[in-house]
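So the protein sequences, as listed, match chains S and V. Anchor point for the first sequence: position 193 equals 193 in our numbering, and the numbering is continuous, going up by one each time. Anchor point for the second sequence: position 200 equals 200 in our numbering, and the numbering is continuous, going up by one each time.
Among the hints, a few may not be true.
What follows is a set of in silico ranges between Cβ atoms, one per label pair, in the way DEER data are often shown [stated by the list, open to error]:
#1 V:23 <-> S:129: 33 to 43 Å
#2 V:164 <-> S:132: 20 to 30 Å
#3 V:172 <-> S:5: 41 to 51 Å
#4 V:128 <-> S:112: 35 to 45 Å
#5 V:78 <-> S:18: 13 to 23 Å
#6 V:199 <-> S:5: 39 to 49 Å
Because the hints were derived from the structure by calculation, they are not lab data. Ideal Cβ placement from N, Cα and C applies to all residues, glycine included.
Single-letter residue listing:
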Amino acid sequence: MSTSPPAVAASALGRAYRDRWALADVYIELAPGRSLLLAGPNGAGKTTLLRLLATAIRPTTGTLSIHGLDARKDPVEARRRLALLSHRGHLYSELSALQNLSTAAAISGREGDLLGLLDRVGLHARAHDAVRTLSAGMRKRLAFARLLLQEPDVVLLDEPYGQLDPAGFGLVDRLIGELQDEGRTLVLSTHLVERGAGILQSGMVLVDGRVTWVGPASGTPAAMAEIA
Amino acid sequence: MGVFAQTLAVFRKDVLLEWRGRSRVSAVVFFSTMTLLLFSFAVGPGREVLSRHAAGYLWLALLLSSVLSLGESFRVETEDEALEGMRLLPVDPRALFFGKASSNFLLLLGLALLLVPGCLVLYSAEIRGSAGLLVASLALGTGGLAAPGTLYAAMTARARGRDVLLPLLLFPLVVPVLLASVKATSLAMTGDPMNQGPSWLGVLVCFDVVYWSLPAILFGRVIED
């Protein structure tokens, strides 16, 4: 009987900026299809952790594997399996929404129905408008469309509700549900802990770059209330 | 996804960005034209001196303008961390280098071809030698500026004082290219009775081979964390 490797396996993961540790001693093991909620106050290290998992930055200590691939030794292969929705949109403001997607599609070799993808995030009508003319919430939706285009096995979402209106909140909830139904692994950080706890499975609380609590997602709001 | 297909995608994206941000290209053209004008003011009305050194002024204007266009080509990459997005897609660093260097080369070559008529008018210069030698020197010379310029623009994109750092790093490195380009262009303008042009073009080809291959190897280290 063969067992598949964890979708995300991090051991003693840490990142220092000069002599300050932004994150230290993080252990994560997520089976394929599972989801993890990251919570914590500002500066707790949530974004650093997500950027480490995405291989956007290199860890100072520890190991990381994505579906069995050593992300330190072979980040390019690991990147084919994951996608990050960052605070920054990773978008070109002078290009249109459609041109941003078509560039990403051409580079990642995932040509598809790009207008359909924009329709999925409610941006079909603005497909040909330059990104600089879009509101912050619309840019977030476009960044989400870019992430969906990549069809990642591991989805990393950093504050996916940020800058969105109530309709956008519903859209993100629906997309997260669809990603989970498709069997993708999710790691999500948000300050809307109650909302995240309602749709994810596991939870982790970070404070000052250290893990202070791990448990089911439903227990995360109470854990956060304790540190408040 | 192959390196060539990714290179084309990066090139296409950069050309689109230049087209949609035409005001930036216009600013570079305006700056280089102003530089040519300033040289003519600084040297004075002596036609003979101006026409003899026309190739030098042309290449200095191109070199100074290249700093603007190269810096700008990476400003759009860091604006919304688009470069990080490309890395995570993932793009092959060689494709990113070749795509961006090619688009920078295209812009500089276009600028060079635009400046030549201005140079002929302002400095009373003529093309007494071969037009082919002129075009080849412009193409090989701008190629020798674009490739190392792309590498250094990537290196300095996130640095404080990048506007100062880029020329500080780039100018010493491209001195040989500048010398060979000025010489070849000058021979095309003033005449080449000893047929020295091809030798200078050979020197430029050698530098281009080195300048386009080494950065392609180093680019991955430059753009990674």
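We went through each hint and held it up to the structure:
1. V:23 <-> S:129: 33 to 43 Å: Violated - the Cβ-Cβ distance for residue 23 of chain V and residue 129 of chain S, about 18 Å, lies outside 33 to 43 Å.
2. V:164 <-> S:132: 20 to 30 Å: The hint (20 to 30 Å, Cβ to Cβ) holds, given that residue 164 of chain V and residue 132 of chain S are roughly 28 Å apart.
3. V:172 <-> S:5: 41 to 51 Å: Holds - the Cβ-Cβ distance for residue 172 of chain V and residue 5 of chain S, about 50 Å, lies within 41 to 51 Å.
4. V:128 <-> S:112: 35 to 45 Å: Violated - the Cβ-Cβ distance for residue 128 of chain V and residue 112 of chain S, about 57 Å, lies outside 35 to 45 Å.
5. V:78 <-> S:18: 13 to 23 Å: Check passed, 21 Å falls within 13 to 23 Å.
6. V:199 <-> S:5: 39 to 49 Å: violated (60 Å)
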